[in-house]
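With chain L held as given, fit chain Y onto it using these hints.
Keeping their order, the protein sequence lines are chains L and Y.
Position 147 of the first sequence, counted from 1, bears residue number 146 in numbering that gives the first Met the number 0, the numbering being contiguous throughout.
Position 268 of the second sequence, counted from 1, bears residue number 267 in numbering that gives the first Met the number 0, the numbering being contiguous throughout.
No lab work stands behind these hints, which were simulated from the structure alone.
There's no promise every hint is true.
[What the hints assert, rightly or not] Listed below are the simulated SDA-like cross-link pairs for lysine to any residue, each with C-alpha atoms no more than 20 Å apart in a straight line:
(1) L/LYS114 to Y/LYS248
(2) Y/LYS248 to Y/ALA131
(3) L/LYS114 to Y/GLU369
(4) Y/LYS130 to L/PRO365
(5) L/LYS114 to Y/ILE357
(6) L/LYS110 to Y/LYS130
(7) L/LYS196 to Y/ARG340
(8) L/LYS196 to Y/ILE301
(9) L/LYS81 to Y/ALA131
(10) L/LYS114 to Y/SER375
(11) Y/LYS128 to L/LYS114
(12) L/LYS196 to Y/PHE371
(13) L/LYS196 to Y/LEU382
(14) Y/LYS348 to Y/ILE372
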Amino acid sequence: MCAYSIGMIRYYNILREKVQKDRGTAIVFLSIVILLLDLVFRLIIGKNESQVVATYLWDGLVVGLAIGLAGVGLSLTYSILKFANFAHGDMITAGGFSGWVAVFAVAGVGKFDMKNLLLVGAGKPINVTELGISVSTTPVIILFGLVAAIVGTILLTLFIDRFVFRPMRHHNDGITLLIASIGIALALRYGLAFVFKTQNRGLTAASLTASYSVPVGTGSVQIDLGEITLVLVAIALMVSVHVFLQYSTLGKAMRAMADNRDLALITGIPTEKVVRATWIIGGALTGAAGFLITLERGTISFQFGWILLLFIFAAVIIGGIGSVYGAIAGGLVIGLTSTISLIWIPADLANVAVFSVMILVLLYKPEGLFKGVTTA
Amino acid sequence: MKFDIEMLLKNDVRIVVSTFVGISFLFIIVAMILGLDFNGTVNTIQRIMFLSAVYAMVVLALNLQWGYAGIFNIGVAGFMLSGVYTMAIITGDPNGLIPGLGLPLPIGIVGGVLVSGLLGLLISIPTLKLKADYLAIVTIGFAEIIRYTANALTFKTFSIAGVEMGTGAGRGIHLPMNPIRGLYYIDPSNMGLGKTIVGEYIFGFFEIVQVQSSVVVSWTYAIVLIFIVGLFYVVTYRIGNSPFGRVLKAIREDELVANALGKNTDIYKMKVFAIGCGLMGLAGILWQGSYGYTNPTTFQPILTFYIFIALIIGGSGSNTGSVIGGVVFASLLFEGPNFVRRVIMHVFKFDKAPNSIIEAMIPISSLDFEPFISYSLANISSLRVVFLGLVLVYIIQNRPDGLLGDRKELAASIDISRRPVTETREGKEA
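Here chain L stands alone, though its shape is the one from the complex (with noise of 0.2 Å):
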């Protein structure tokens, strides 16, 4: 009886160290426990339903996994070329964009003015169910349009780098950098509502693309084929980029650069071809991702990429800047977050949840979930 009390002490003098030193997370921590163990008591006195739950975790797993593949690619060049990159939400919609424009093209081909498609119907407006594009039917076309995404926003970036960020390499402090890529975030958006207009429209056939209904308690959660794809693609291409960056020599190299550049430089990693290949890396999983996301969602507009960009920066801070996993980890809070929080708070206000949260997360622990690793 003694020695048990003894080892409660010790124990609890323990956790209670630990809490002084580390008193944020312990209260996010507790919070987070708090609101779960309500969640509980809501489910088993009936006043939530199993099946709104499960939609919830289902849709924040989602979006989740849309905001953290999009932002793989910010934390890459956060972490290697040192700077916040404003202009991330806009490649990601030029990505979405260059995809559409391809599907459209080859859907479309004889049965549509060819210049209109070109223009993703921004001549005039073009009747999705009679283009017929959707995960179900149209398979191989989906995947040429996520290649020419990938294609189009490599070459966006690569051409950016070349003229914008290449002329201020010797600049050590980010906030040029960051100031600078502002400016092409302006210009990139509004570059694509002039030649795409300002309309939000349709992409795919709803009515075509497959849907399965889960059975949840006494409900169901119906997924559709476009959400699955999401969900798959972006796992498959997160496990390729932490392989690639894990055991390539390139890989390596990235690693060594984003911990420390000058060291990178004089044991004779050639950074300039580095900085060249993060751009191609991460030009490739922004178009992807852009793709991906208008195709979940069926719509597009001009600027869907720049109203996701503070969420994806909210990931990938929360996650840790420059680690994979950490995007990933960081994007299901972000997307988790939108969703379960309206258990508690209007949907009005799930936004501001979200940036709480990041601010929170920013001020107690800025070095991210993922502390300590760095770009793997």
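Positioned in the frame of chain L, the structure of chain Y alone reads:
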């Protein structure tokens, strides 16, 4: 030394005045080409002056933070919103559709400034130790939290301690009547009740030259705003050249050194955050206050970027540069493209613009540029922002100090790089 400052001030005043005069002159020419009558010309100049004054004010406030102290606050729009909304809620009619507190306007303005300043203080305390790019993301996130909150249906009407008030959500909120009208009308909210003596005389005078009374009222407000820009200038100038301002500049150059020299840099940063954000709130009130109505969409992050572009064009660190940047941005870069479109449309009389860019580009192959130009003019609002972005990239690459960047600071209280000419036995010596 005092003499030197006066010289500098005179010189700077000359730069500012000649910019204002030059731009007015430019727009008079534009108005003449467009064939506007006298009333239209006067009104055009008024709009340009009003917007220039508003931008000059916000840029001066931002210069205090970014130019002097090097604090990268990109939540400007949010702090402007909080000022305007607080003012609206304090002065709103208690029995209106969106109830307010029904207090007089001066209390509303002071309250708005205080709330913006307090919000700035609130966000500054936990962010003192953050790196500049993290600070940027926190401030823009904070501004978006403010905007989403003002936009949320939840707060359309709410009550604190039994007192009903509200933000009006996405539909926006009514702002009190511009008190300038009280100068001309007996009852500012009802023109039908007649004019004051001042109103009779001034309107009567301007009727002779055919300027409408509404234009006279807006001009009066624009003149008041230009006067307030002067006050902003004096305040920020005095702050910048005080011991307080010198510590701010030291923080900008090297916070560690400033700290090592015994200055509590945290306190200084908190103060400048609060002062700057309070001034941003005031600028927001003076800007939106004249419209009688505002909504959250006005305060999107792009507004912050516009203000930053204006500051960077003028030259961060320089108050005169801030005013020039604000004026040049508002008149030439922001309003300018619209006038370019109107002038070209007026002179050349194009056909209807093509529906899409490809239709506009195809005729270029036969050297027919007209469809492309008319498409560009029809979409000039997009093209304008593209241009702004490219200008920002160009400046940051080639002229990071802007037009009047002022980053060289004197270490001594006497300028020893420019020695006064002294008479010696051998003759003149520099």
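Do the hints match the structure? See the list:
The suggested pairing of L/LYS114 with Y/LYS248 is violated, with an alpha-carbon distance near 56 Å, which exceeds 20 Å. Distance restraint check for Y/LYS248 and Y/ALA131: the Cα-Cα separation of roughly 16 Å lies within the 20 Å cut-off, and the hinted pair is therefore satisfied. Straight-line distance between C-alpha atoms of L/LYS114 and Y/GLU369 comes to about 19 Å, which keeps the hinted pair within the 20 Å bound. In summary, the hint linking Y/LYS130 to L/PRO365 is supported, as the alpha carbons are separated by about 9 Å, within the 20 Å threshold.
The suggested pairing of L/LYS114 with Y/ILE357 holds, with an alpha-carbon distance near 6 Å, which does not exceed 20 Å. Taking the CA atoms of L/LYS110 and Y/LYS130, the gap is about 55 Å. The hint is violated against a cut of 20 Å. Distance check on the hinted pair: L/LYS196 and Y/ARG340 sit about 18 Å apart at the alpha-carbon level, within 20 Å; holds. About 19 Å separates the Cα atoms of L/LYS196 and Y/ILE301, which keeps this hinted pair within 20 Å; it holds.
A distance of roughly 12 Å separates the Cα atoms of L/LYS81 and Y/ALA131; the hinted pair therefore holds under the 20 Å criterion. At roughly 18 Å between alpha-carbon atoms, L/LYS114 and Y/SER375 fall within 20 Å of each other, so this suggested pair holds. Proposed proximity of Y/LYS128 and L/LYS114 is contradicted: the alpha carbons are some 54 Å apart, above 20 Å. Restraint check for L/LYS196 and Y/PHE371: satisfied, since their Cα atoms lie roughly 15 Å apart, inside the 20 Å limit.
Annotation: proposed proximity of L/LYS196 to Y/LEU382 holds, straight-line Cα distance about 11 Å (limit 20 Å). As the CA atoms of Y/LYS348 and Y/ILE372 are separated by approximately 12 Å, the hinted pair is consistent with the 20 Å bound.
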